[in-house]
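Taken in order, the sequence shown gives residues 172 to 835; the numbers are from our numbering.
Derived by calculation from the structure, the hints in this document are not laboratory data.
Only a predicted model underlies this, so the values are computations on that prediction, with no experimental measurement involved.
One should not assume that every hint holds.
As the list claims (entries may be wrong) - Below, in silico cross-link-like pairs of lysine to any residue (SDA-like), each with a Cα-Cα straight-line distance of 25 angstroms or less:
| hint | residue 1 | residue 2 |
| --- | --- | --- |
| 1 | K228 | R239 |
| 2 | K490 | D703 |
| 3 | K771 | G740 |
| 4 | K678 | D642 |
| 5 | K669 | P681 |
| 6 | K669 | A726 |
| 7 | K490 | L743 |
| 8 | K439 | S418 |
| 9 | K249 | A227 |
| 10 | K771 | D642 |
| 11 | K669 | H793 |
| 12 | K669 | D703 |
| 13 | K250 | G740 |
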Amino acid sequence: MTETATDTATDIDASRPSPVEAAAAELPAGRVLAEFCAAGLWPGVGPTTASRIADAKILMPSDVTAERLSEIESIADKKAVKLAEAFANAMPAYEVVELFVPARVPARFAAATVRELGAGAADRLRADPWLFLSVPGVRPEQADYFARQVLGDAADPADPRRGRALTGYLLARAARDGHTAQPASSIASGVGQFRFPDGRAAVEAALDADVARLDEESDDAPLLTLARYADAEESIASGIARLVAESEPLSDQEAVDAASEGLDETQKRAVLAAAAYGVSVLTGGPGTGKSRTVAAIVELTSSQGLDVALAAPTGRAAKRLEELTGANASTLHRLLGAQGTTGEFARGPEWPVEAELIVVDEASMLDAELCAALLDACAEGSHLLLVGDPAQLPSIGAGRVLADIIASGTVPVTELTTLYRQRDGGDIAKLATAVRGGDLIAVDSPEKEVVVVPAREAAEAAHRVVQLVTDSIPRALNIKPDDIQVVTPVHRGPAGTKELNRALKDKLNPGKGENGGFDVGDRVVATVNHVDEGFANGEVGTVTGTDGEGGLIVAFTAGEVQVRRKYLGDLLHGWALTVHRAQGSEWGAVVGVFPAEAGKMLSRPLVYTALTRARHHLSVVHAAGPALARAVRTVGERPRMTRLVHLLKENVPDPNADAEPEED
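Please build the complete structure, drawing on both the sequences and the hints.
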């Protein structure tokens with residue numbers, strides 16, 4: 172079938188040039204280079220330098236030499252050499268822009284295309300233009316348009332290449348919703364929505380190194396999965412099986428008893444499980460003593476002269492873990508040696524994390540691929556303790572790792588339920604515990620630990636938020652705005668992150684945003700992992716200065732970091748964050764806003780996650796009407812289709828097959 176489509180394309184293309192070839196022939200000299208520069212794809216070249224390069228009649232790749240660049244006023248010899256080298260390194264993106272510009276595709280897609288398709292991206296797109304659909308953010312109609320530009324009359328809606336691309340697109344879209352697999356029948360049906368005549372043929376065309384069919388015993392069998400997620404879940408299951416089989420107890424009963432002094436019986440069982448089993452889970456809501464229990468486990472391991480590695484998905488969670496245990500902690504990406512934005516990690520089987528115990532807090536945030544990387548990096552015989560609350564939002568990435576591990580019953584799970592913080596008047600813990608159980612209770616909080624501020628609609632809610640952050644909370648509770656974080660379910664609308672950040676900046680740190688949209692004093696949040704640069708996705712910091720080259724100095728939790736100019740696009744203002752981005756972090760005071768526009772997004776895990784970001788004070792700006800209580804009562808975790816429970820049961824021996832360690 173593919174050969175027939177290719178032969179037809181050859182016959183048609185031989186008669187006349189494709190639209191993109193015809194358009195390329197009409198482009199003025201220098202147009203591609205100008206678009207390339209305007210898209211920020213030539214490192215070190217901003218608008219002013221780009222204009223001078225064009226004025227110097229440097230219009231084609233062959234013109235870009237250190238000698239020609241050094242002839243431009245303001246470009247010194249050393250800088251000319253660097254710019255020439257940078258252009259050579261960026262040639263894969265330039266070649267893609269050469270294809271995109273005559274096809275009227277924005278040049279800004281080139282960087283993502285090269286990341287997705289590799290250095291030969293341009294040649295691959297000429298051979299199969301529907302590969303463009305694999306680039307994040309590209310829609311089927313855009314890929315179809317591009318294919319028509321590249322192939323002309325040979326762009327057949329029934330082309331197997333198109334069917335393969337649509338299948339991958341639907342699986343990737345499902346992965347963005349958290350699924351690691353989908354029924355093949357639903358994918359075949361979904362392809363039909365894009366006017367592909369035979370959904371089953373599309374699925375068959377997609378079965379290759381990137382898409383796998385799984386004929387497991389299941390009501391939904393056969394399943395389709397992107398190979399990356401199949402590999403990740405299989406790696407998690409085999410990694411847990413390996414640790415369970417290889418582990419030896421970390422200590423004797425006497426040491427366990429000594430470290431557990433002052434803990435209740437359930438907390439003691441958690442300490443015992445962490446010491447006795449290769450993999451264990453500690454879970455529970457806020458105020459139930461998870462932190463105290465983890466501290467006892469770390470104390471036990473250290474008392475035996477063993478090494479402990481502590482990590483969490485976010486910088487704030489890692490810092491909190493460090494403060495609670497008195498031991499060093501890092502973000503999980505730093506522990507694993509993340510390599511820029513590639514998704515690769517330096518740590519792995521060849522260079523594992525050398526620690527007898529690895530503790531990962533906020534484990535509900537682990538997606539399948541990150542957890543697979545973690546288990547790959549666990550040394551032989553090490554113990555892994557996952558600490559988290561499955562009632563929170565699941566991971567942003569595909570999978571439901573913590574919930575699946577708990578549901579599988581293959582490793583010891585200790586759930587703490589006694590609410591110690593409530594005994595001390597913890598109204599935040601009391602409210603969060605009720606929401607965790609599906610009940611949005613009215614809280615009487617004389618000390619104003621929890622304050623509910625009603626609003627009629629989103630604009631009023633936004634006004635109340637700004638008022639609370641800039642005036643009411645600082646004045647009434649003596650909490651500085653620097654210690655207050657706003658969380659909201661939405662980006663858009665008057666009470667979304669964009670407008671709230673604009674309004675809060677106007678009040679707290681007005682300025683022109685002359686450094687990539689930011690000023691010294693702005694609160695920012697990272698949106699991409701740049702661990703080799705010193706910051707990771709989700710970390711919140713404050714701009715403390717500029718680096719003299721268009722970049723910023725930002726004080727993140729772990730210290731000050733230089734954020735170079737080319738990475739400023741990976742920062743956003745951070746006075747207001749989405750609930751998803753705030754997950755894994757806590758602040759002294761939190762203003763949680765729930766506008767009516769968030770109604771369809773509201774769920775018990777989302778509301779619960781928002782409320783539990785606050786340690787000492789919580790203001791709830793409530794503009795969602797009855798939808799908020801209804802969501803807490805009826806809308807639980809949105810189902811995710813995964814394979815991990817099945818794989819764990821298949822690979823990991825039943826922990827109840829052997830007698831559990833007995834307490835003295």
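**Asked** Between K669 and P681, does the CA-CA distance stay at or below 25 angstroms?
**Response** Roughly 15 angstroms separates the two Cα atoms, so the pair holds.
- prompt: Taken at face value, is the distance from the CA of D703 to the CA of K669 at most 25 angstroms?
  reply: violated (28 angstroms)
Given the hint that K771 pairs with G740, test it: the Cα-Cα distance must not exceed 25 angstroms.
Given pair K771, G740 is violated - Cα atoms ~29 angstroms apart, limit 25 angstroms.
Open item on the list: For K249 and A227, compute the direct alpha-carbon distance and say whether it is at most 25 angstroms.
Closed with: holds (18 angstroms)
Quick one, are K250 and G740 close enough, alpha carbons at most 25 angstroms?
-> OK: K250 and G740 at ~23 angstroms, within 25 angstroms.
Hint check: K228 vs R239, CA-CA at most 25 angstroms. Holds or violated? holds (10 angstroms)
Worksheet item: Is K678 close enough to D642, meaning Cα to Cα at most 25 angstroms?
Response: holds (10 angstroms)
**Report entry** Pair hint outcome, K771 versus D642 [Cα-Cα no greater than 25 angstroms]
**Finding:** violated (31 angstroms)
- Agreement of K669 and A726 with the hint, judged by alpha carbon distance not exceeding 25 angstroms: holds (22 angstroms)
Notebook entry, point to check: Quick one, are K490 and D703 close enough, alpha carbons at most 25 angstroms?
Noted result: holds (19 angstroms)
Exercise. Given the hint that K439 pairs with S418, does the C-alpha gap stay at or below 25 angstroms?
Worked result: holds (20 angstroms)
- prompt: Is the Cα-Cα distance between K669 and H793 25 angstroms or less?
  reply: holds (19 angstroms)
The structure is inconsistent with the numbered hints 3, 10, 12, although it conforms to all the rest.
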